[in-house]
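Colleague: Sequence order for the protein chains is A and B. Per this note's numbering, residue 18 is the first one in the first sequence, and the count goes up by one each step. Per this note's numbering, residue 18 is the first one in the second sequence, and the count goes up by one each step.
Hints were generated in silico from the structure; no laboratory data involved. There may be inaccurate statements among the hints.
A pair holds if it fits inside one copy or across any two, identical chains being indistinguishable in the list.
Stated by the list, open to error - Derived lysine to any residue pairs resembling SDA-like cross-links, with alpha carbons at most 25 Å apart:
id, residue 1, residue 2
1, 174, 237
2, 174, 186
3, 174, 107
4, 174, 187
5, 174, 40
6, 174, 189
7, 174, 317
8, 174, 343
9, 174, 103
Protein chains: 2
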Amino acid sequence: MNDLFLRACRREPVERPPVWMMRQAGRYLPQYRAVRERADFLTMVGTPELAVEVTLQPVDLIGVDAAIIFSDILVIPQAMGMSLSVEEGIGPRFHHPLRSPADLERLRDVVPEEGLGYVLEALRLARRELAGRVPLIGFAGAPWTLMSYMVEGSGSKSFARAKRFLVEEPRRAHELLGRLARGVGEFLAAQVGAGAQAVQLFDSWAGALGPRDFREFALPYLAEAARLARGAGAPVIAFAPGAGWALEEIADATGADVIGVDWQTDAGVARRRLAGRAVALQGNLDPCWLYAPPAAIRERTREMLEAFGGRGHIANLGHGILPDVPVANARAFVEAVREWRPA
Amino acid sequence: MNDLFLRACRREPVERPPVWMMRQAGRYLPQYRAVRERADFLTMVGTPELAVEVTLQPVDLIGVDAAIIFSDILVIPQAMGMSLSVEEGIGPRFHHPLRSPADLERLRDVVPEEGLGYVLEALRLARRELAGRVPLIGFAGAPWTLMSYMVEGSGSKSFARAKRFLVEEPRRAHELLGRLARGVGEFLAAQVGAGAQAVQLFDSWAGALGPRDFREFALPYLAEAARLARGAGAPVIAFAPGAGWALEEIADATGADVIGVDWQTDAGVARRRLAGRAVALQGNLDPCWLYAPPAAIRERTREMLEAFGGRGHIANLGHGILPDVPVANARAFVEAVREWRPA
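So that you can see chain A by itself, here it is in the shape it has in the complex (with noise of 0.2 Å):
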């Protein structure tokens, strides 16, 4: 019964930093690959017994402290009625992006129990096959990542036509983002509920706003689903990579138990910030490092772990894992947490 990652979500002393890592249910896994070339994406995230065979792989293989179920952030968006396709080396793609106010007039609210049922099932699933071996880790996009990806239609390099909505439409904009807060909230607690021991939220497009909009149309959002969430009674997880200005406003607005820190932010620099804070902190190896040979990986790793100082930290990426990465390179940084010790 491993139950490190629990206890660093609650600052609680622990012999050392749990590890995992965001997308470690993923492709650099040739066991993962094996699965995939029998379903694709979109059908191994439907099927509970393919996500939850997915999400086990790494806390067999690797021996991270934390499992994640495998599932995609835009199933909301999906139980909401739109269409949605993930292709091979291009990523999602919604084929009826929002453009209209009908558009929006035709999205359903999000029930959990009836369009994300199977989400849930994964959750409860996967719970049971693991035993109390490692914790489960529940997950939803936040409303600002979840309404651009549904006005872009896809992954975009300036997410413009998303944030023109915001300014040519702040209204409107206002009212689906509250939608979402409380359609993501709402899941969040469902999967409490399924077996979920923590949830994470990830406003992924954090940083396509500037300091003003994240201000106006994400933080205020992200902090409603977080409330919806923390009512379920597990450790919120709140990440905003991009943001790293924000740290102290997300942890205050949000009443997260975690506060993930992204790669481009200094760890010790992000640790004195939220020193004042009853806050844990989850990240931030740049998962480019992860190129490096395993001695430098290391390294660097080790650096990392100073940095936090060990106490309320859960080892992590400072964003999701790469797909080419070798599995002995993921290893390395999983293994050189396992043996350091705080100081």
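For this one, chain A is given, so just place chain B on it according to the hints.
Modeller: Showing chain B alone in chain A's frame:
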């Protein structure tokens, strides 16, 4: 004779801040698109008469307080022997990106008067045609940004290939960055010799590096290029978008006269952080805000001007103007600056 821009670079008193826009000679102008119909992008860059024609357009049409020579940051790798194409809607692409030690050895050193004489000729011609109406700015890409394009072959989302080069072959990377720093610095000095009254260094992909890597692979070479450029006697502007956390370090390491502020950074925070240093600030309206109705653009522009405080500030966007912005909106931004007076 409008010398507001040069006075602001030196932090001398001004009636109001000068204003120009990154990429102001660009596709949002119908007159630019008319030239572009007669010649492709690289022909425009390579033909001094065409480059000068579009360089002058925003001065005549929008009323900006400075002209920036129409060119591209990738002229340096091109002059080093790398074959480049620029396709509409796709962006620049090197046909043979750097992939092996032999690729690196094949690169020629930058000799501005030889490989880049056409840029210098465009500056001479532009300076003559401007006849003192507004100052003329030259520019170059910073070493890390050039290297990442040369290794990736094109723009990239994660710059994983370029960063992989840093972690796998740090010694070769430092060698190439050193060569680029000398070439960039000498090119900027030659631009001043040819008539540029200020020069800007663009480290456009600074945000692709975490703090530790930025300090090792980007900042020292940005600083070396700035040092060589400063020797020519004109003000130097250093702009490293995505690295707002490093404003102080950039100011200290480069000795630049002006520090560019990206749109992700709060203007008031940037001003406070650099208050003790002898630098002017340039920026930083979010280019996406030019999608807003003109009244909203004017309001946001005034907020931005007040946050910078007037003295030692060059009004600009926090990134290049987007190609589909209505001309009237660009004009609303420029006019809002021209009408504003410090309290």
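Colleague: Now tell me if each hint is right for this structure.
Modeller: Verification of the supplied hints:
1. 174 x 237: within (24 Å within a copy, 28 Å between copies)
2. 174 x 186: The answer is within: 21 Å in one copy meets 25 Å, while 28 Å across copies does not.
3. 174 x 107: For residue 174 and residue 107, the Cα distance is within 25 Å both inside one copy (13 Å) and across copies (12 Å).
4. 174 x 187: within (21 Å within a copy, 28 Å between copies)
5. 174 x 40: Result: close both inside a copy and across copies, 21 Å intra and 17 Å inter.
6. 174 x 189: within (23 Å within a copy, 30 Å between copies)
7. 174 x 317: between (29 Å within a copy, 23 Å between copies)
8. 174 x 343: between (27 Å within a copy, 20 Å between copies)
9. 174 x 103: both (18 Å within a copy, 18 Å between copies)
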